Structures are given as structure tokens and as C-alpha cells.
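For the protein sequence lines, the chains are C and B, in the order given. In this text, residue positions in the first sequence follow our numbering: the first is 1, and each later residue adds one. In this text, residue positions in the second sequence follow our numbering: the first is 1, and each later residue adds one.
Think of the hints as simulated: they come from the structure by calculation, not from any bench. Among the hints, erroneous ones may be present.
[As the list claims (entries may be wrong)] Below, computed lysine to aspartate or glutamate pairings styled on DMTMM-like, alpha-carbon distance capped at 25 Å: (1) 103(B) / 26(C); (2) 103(B) / 15(B); (3) 49(B) / 30(C); (4) 49(B) / 64(B); (5) 14(C) / 72(C); (6) 69(B) / 30(C); (7) 108(B) / 26(C); (8) 9(C) / 38(C); (9) 49(B) / 66(B); (10) 69(B) / 16(B); (11) 103(B) / 30(C); (12) 103(B) / 59(C); (13) 69(B) / 73(C); (14) 14(C) / 38(C); (15) 58(B) / 72(C); (16) 69(B) / 15(B); (17) 103(B) / 66(B); (18) 49(B) / 20(B); (19) 58(B) / 73(C); (20) 69(B) / 72(C); (21) 58(B) / 56(C); (22) 103(B) / 73(C); (23) 69(B) / 20(B); (24) 108(B) / 72(C); (25) 69(B) / 56(C).
Bear in mind the structure is a predicted one, so any value in this text is a computation, not a measurement.
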Amino acid sequence: NAGVTQTPKFQVLKTGQSMTLQCAQDMNHEYMSWYRQDPGMGLRLIHYSVGAGITDQGEVPNGYNVSRSTTEDFPLRLLSAAPSQTSVYFCASSHPKSQGYQETQYFGPGTRLLVL
Amino acid sequence: AQSVTQLDSQVPVFEEAPVELRCNYSSSVSVYLFWYVQYPNQGLQLLLKYLSGSTLVKGINGFEAEFNKSQTSFHLRKPSVHISDTAEYFCAVRIGSGGSNYKLTFGKGTLLTVNP
């Protein structure tokens, strides 16, 4: 298993540009989520999904869109990038209905985004 | 809403010394508690978790944590640290079980620096 993969690893955008951060998992996990990590702020939840076709907002959803058309993929879209969105973005997945409710979230390696 | 407080943003220690990273949470209902570790330029990896049962939880790399319900704490300990333990450590909490509430709330992190 490749686990949770994220692309790209690095990205530089200009203010107002749009882009999609890709996240995929091959563990058949139902739950997927996006976090952003900023110095001194820990990880903050942006959006999450409990299954294909179901998404919901987290703590800091403004400026981001998500969709979940398949179990495997959970892309994060920035429609009009702003300097405040400069951050490291992590995707995570887990399988709440697995035997024993393992509860472990598996994280991808992250995408470093700089918005100029 | 639940919150997680990591009382120390940075903890410098010498190699082979013991270390305790402190974590307190606020919640009036049952919680699941986690410690994650992030090595430089990597994603997060689960160290250990408390779901139920024994309040002393052992994790990977010689770490352990003790759940104290009366003090709403989940402090992380290691009796003898190595240079390779240098990393950022995050405490996280999830409320309740089942349903659709899989969201983790993270503390702001503690940077552990182990010096020779």
C-alpha cells in the first residue's frame, strides 16, 4: 500500500490564482480530511468527508472547496489564492467502521504552498 | 467545543535525560486522546492513543502517556531520550465514539530538542 499520497510537494502561486491539491489513499478508508499547519498554530481542520459524496466544513473552511466523488480521492481546491493561505497542507484518512474502531488517522507527507 | 492545551511550546533536554510533554484538554464528555510526532519535513505519525481501559498507554519508540480524567490531562513521557527523538509532538482529542464525529482537535505542538 502507498498509504496517503499528496501532490504536489511544493507550489508557488500568485494572489488570485487557483489550484487543486491532490490527496489519494489506497486503504479503502471512509474518512478523509484536510488540515493546514501554521507555525505556533498546530493543525487546523479545513474540510472533512465521511464517505463518497459527503463533505463538511471544519474549523477554517473559508477560501477552500472540496468534493469526494470516489472513496480514494479527496482534492482540495483554492479558487482564488491569498497570501493568508500560505501554509503546509496535510491530508489524512482513517476507517471509522473498521474492526475495533482503530481510530488512527494516517497522514500524507504534506504540500508546502506559498502564495505571493 | 473541546480544546487542547500543550503547556510548553519548546522543551530542550540533554540526551539520555527523561522528558515529559504536557497536554491538557477541556471536555465534559468522554474523549479519545492521541499523541502524534512530526519529524522535520515529514507528515504526522501516531505515537500512541488512549481509547479506553488502562490509563497508562505505551506507544512506539519507548514513549508512554497517562490519562488522568480528574485532571483532564494526557502527559507524554520517556525515561531516556535520544537525539533521534528531536521532533514536534502534537496532542489531539476526539470526542465520543461512533456516529459521524471523527474530527480531531490538535494542540499547538511542543518542539522537543534533544542536545548531545
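Hints, verified against the model:
1. For the given pair, residue 103(B) sits about 21 Å from residue 26(C) by alpha-carbon distance, which is consistent with the 25 Å threshold.
2. Of the supplied pair hints, the one linking residue 103(B) and residue 15(B) is violated, its CA atoms being roughly 35 Å apart against a limit of 25 Å.
3. Straight-line distance between C-alpha atoms of residue 49(B) and residue 30(C) comes to about 20 Å, which keeps the hinted pair within the 25 Å bound.
4. Note on residue 49(B) and residue 64(B): the hinted pairing holds, with a Cα-Cα distance of about 9 Å set against a maximum of 25 Å.
5. This hinted pair does not check out: residue 14(C) and residue 72(C) have alpha carbons roughly 29 Å apart, beyond 25 Å.
6. At most 25 Å may separate the alpha-carbon atoms for a hinted pair to count; residue 69(B) and residue 30(C) exceed this at roughly 30 Å.
7. As the CA atoms of residue 108(B) and residue 26(C) are separated by approximately 29 Å, the hinted pair breaks the 25 Å bound.
8. Between residue 9(C) and residue 38(C), the direct Cα distance comes to roughly 16 Å. Compliance with the 25 Å bound is thereby established for this hinted pair.
9. For the hint pairing residue 49(B) with residue 66(B), the CA-to-CA distance comes to about 10 Å; that is within 25 Å, so the pair holds.
10. Between residue 69(B) and residue 16(B) the alpha-carbon distance is near 30 Å, which puts this suggested pair outside the 25 Å criterion.
11. Distance check on the hinted pair: residue 103(B) and residue 30(C) sit about 13 Å apart at the alpha-carbon level, within 25 Å; holds.
12. At roughly 10 Å between alpha-carbon atoms, residue 103(B) and residue 59(C) fall within 25 Å of each other, so this suggested pair holds.
13. With a C-alpha separation of about 38 Å, the suggested pairing of residue 69(B) with residue 73(C) is violated against the 25 Å cut-off.
14. Pair hint residue 14(C) plus residue 38(C) holds up; C-alpha atoms about 19 Å apart against a cutoff of 25 Å.
15. For the proposed pair residue 58(B) and residue 72(C), the alpha carbon gap of about 32 Å is over 25 Å, so the pair is violated.
16. At most 25 Å may separate the alpha-carbon atoms for a hinted pair to count; residue 69(B) and residue 15(B) exceed this at roughly 31 Å.
17. Among the hinted pairs, residue 103(B) with residue 66(B) is consistent with the structure: their alpha-carbon atoms are about 22 Å apart, no more than 25 Å.
18. At roughly 16 Å between alpha-carbon atoms, residue 49(B) and residue 20(B) fall within 25 Å of each other, so this suggested pair holds.
19. A threshold of 25 Å between alpha carbons decides the hint, and for residue 58(B) with residue 73(C) the separation of about 33 Å lies outside it, so the pair is violated.
20. Between residue 69(B) and residue 72(C), the direct Cα distance comes to roughly 37 Å. Violation of the 25 Å bound is thereby established for this hinted pair.
21. About 33 Å separates the Cα atoms of residue 58(B) and residue 56(C), which puts this hinted pair outside 25 Å; it is violated.
22. With a C-alpha separation of about 18 Å, the suggested pair residue 103(B) and residue 73(C) falls inside the 25 Å cut-off, and the hint holds.
23. Restraint check for residue 69(B) and residue 20(B): the C-alpha separation of about 18 Å stays at or below 25 Å, so the hint holds.
24. For the given pair, residue 108(B) sits about 29 Å from residue 72(C) by alpha-carbon distance, which is inconsistent with the 25 Å threshold.
25. Distance hint between residue 69(B) and residue 56(C) is unfulfilled; the C-alpha atoms sit about 30 Å from each other, more than 25 Å.
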